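K.L.:
Below are the chains, spelled out letter by letter.
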Amino acid sequence: MKHSDEVLVEETRKGNKKSFELLIIKYEKQIFNLIYRFTKDPETVAELAQETFLKAYRAIHDFKGRSSFYTWLRQIAVNNSINYLNSRRETLSLDADNVESQIQEYHTGENPEKTILSQEEIRLVRVALDSLPDHFRSILVMREFEDMSYEEIAQILHCPVGTVRSRLFHARRVLKEKLELEIQD
Amino acid sequence: MGCSEFLELVSAYIDDELTEKETKRLLDHLETCESCTHILSELTLQKETVASLSGCYEGPNPPDHFATSVMALIASESPSKSRLNPVRAFFSHFTMELTTSWRKPAFAVSCALLIGLGAFAGVVIKNQTESAQLLSVYELQASSENQYSAEEEDTDSRFFDHFARSSAETFATTPCLLEYAAYTCNSSNE
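Protein chains in written order, with the numbering used here: chain A, 10 to 194; chain B, 1232 to 1421.
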C-alpha cells in the first residue's frame, strides 16, 4: 500500500493540481517554522515558503522517491533559507519583545518536557543561540531542531561529512562560550 | 592522540554519528580522561537544552488560503513549467533566481562588471589591430627600401605601385594610419 504522500505526488505529476494543494496544506506550517528557525525574520517567511513550494512543484518530476516527500521538500526549504542568509550577510538584531512573548508561549504549552527550564535559562540559551554566526546557527538548527543526519546536512551544504562533524563541534563550542558569557553578565 | 582530538568525536558521539571503531576508541579514552567525560556531560546537556527550545522558535502562522495563493501563482505561470525542455527550464530557473528581490543588487553589479569587461576587451583588441597594421606598413616600407638600393631607379615605379596597393587596404580600415603615411612620405622625399 502506498503512502498518501506518494499518491499525491504521483497525481501531481499527472497534472492534478489539487493534489499538490493538499501537500501544501499538509506541510505549510512545518515549512514556515523551519524557515523561521533559520532566518529569524518573520517578514520573509511567507515569501521563502512560497518560493519553496513553487520550486517543489516545478521540480516534481525530478523527485525520485528515494526519501519521503517531506524530506525532499525540507531540503529545498533549507537551501532557500541558507541562500537567503548568504545574500543578506548581516546579523539581525535580536527582537527582545518577540523573544519574551515566545518564551511566554513556550511556558503555557502542554508538553511537560517544555517546562523543565526556567524562563531565565531559556532566555539565556536563546540569546546565545541567536548571536551565533549564521553558518554555526544554521548547522545547529539542522541538527537539533530538524534532527537531520550528518549525511543530509553534508548534501545540503555540499561538503564532506567530516566537515559537518567538525563544524558542529565548533558551533557547540562557540555556543557554550557564549552561554558562559551570558551567565556571567 | 591528545584530548583536543577527541573533542570532535565527543560531539559526534552525542549525535550517534560515530563508526563502531571510533566509538570504541573514544570510550577507551573516556575511561581514563575525566576532563573529556565532563565535556561529554556538558555537551549532552547543552544539546538537550537547545533541542527542547524548538517549540520556542514557532514561525508565524501561514496566512489564510496560503495554499490557494501558491496554486494561483502556479496556474498563472506558462503551461506546465515543470515539463519544459531542459534548456528552457534552465533559463526559466535562472530568470527566477535573478529576479528574487534580495538578489537584484548582485545581478545589477554583475551586469555592470560584464559590460565594463566587454568595453575594456574591445579597446585592447582595437589597439592590438592598429599596432599590427602599423607594424606591417613599417616592415613593408623597410623591405621596399632594401629593394630600392639593389635594383636602382628602374624599379622605383614598381615599388611605389606595390606599396600603394598594399597600403590602400590598411588605410581604408584604419584612418589614423594616414598621419603615419604622410610622415613617412615626407621623410623619404627629404
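Hints listed in this document are in silico derivations from the structure and should not be mistaken for laboratory results.
Fair warning: this is a prediction, and the values are worked out from it, not measured in the lab.
Yeah, the Cβ is synthetic: ideal placement off N, Cα and C, and Gly gets one too.
Check the hints yourself; a few may be wrong.
[Said to hold, decoys possible] Quick list of simulated restraints, FRET-style, between CB atoms:
| id | chain 1 | residue 1 | chain 2 | residue 2 | range |
| --- | --- | --- | --- | --- | --- |
| 1 | B | G1353 | A | C168 | 51 to 59 Å |
| 2 | B | E1289 | A | P142 | 17 to 25 Å |
| 3 | B | S1235 | A | G24 | 55 to 63 Å |
| 4 | A | G24 | B | V1354 | 51 to 59 Å |
| 5 | B | L1276 | A | G74 | 35 to 43 Å |
| 6 | B | T1254 | A | N92 | 49 to 57 Å |
| 7 | A | H144 | B | T1299 | 30 to 38 Å |
| 8 | A | C168 | B | S1272 | 26 to 34 Å |
| 9 | B | G1347 | A | K185 | 28 to 36 Å |
| 10 | B | D1295 | A | K23 | 22 to 30 Å |
| 11 | B | V1355 | A | N25 | 53 to 61 Å |
| 12 | B | L1348 | A | K185 | 18 to 26 Å |
| 13 | A | T172 | B | D1295 | 19 to 27 Å |
K.L.:
Need the list of violated hint numbers for this structure, in ascending order.
P.N.:
1, 6, 9, 12, 13
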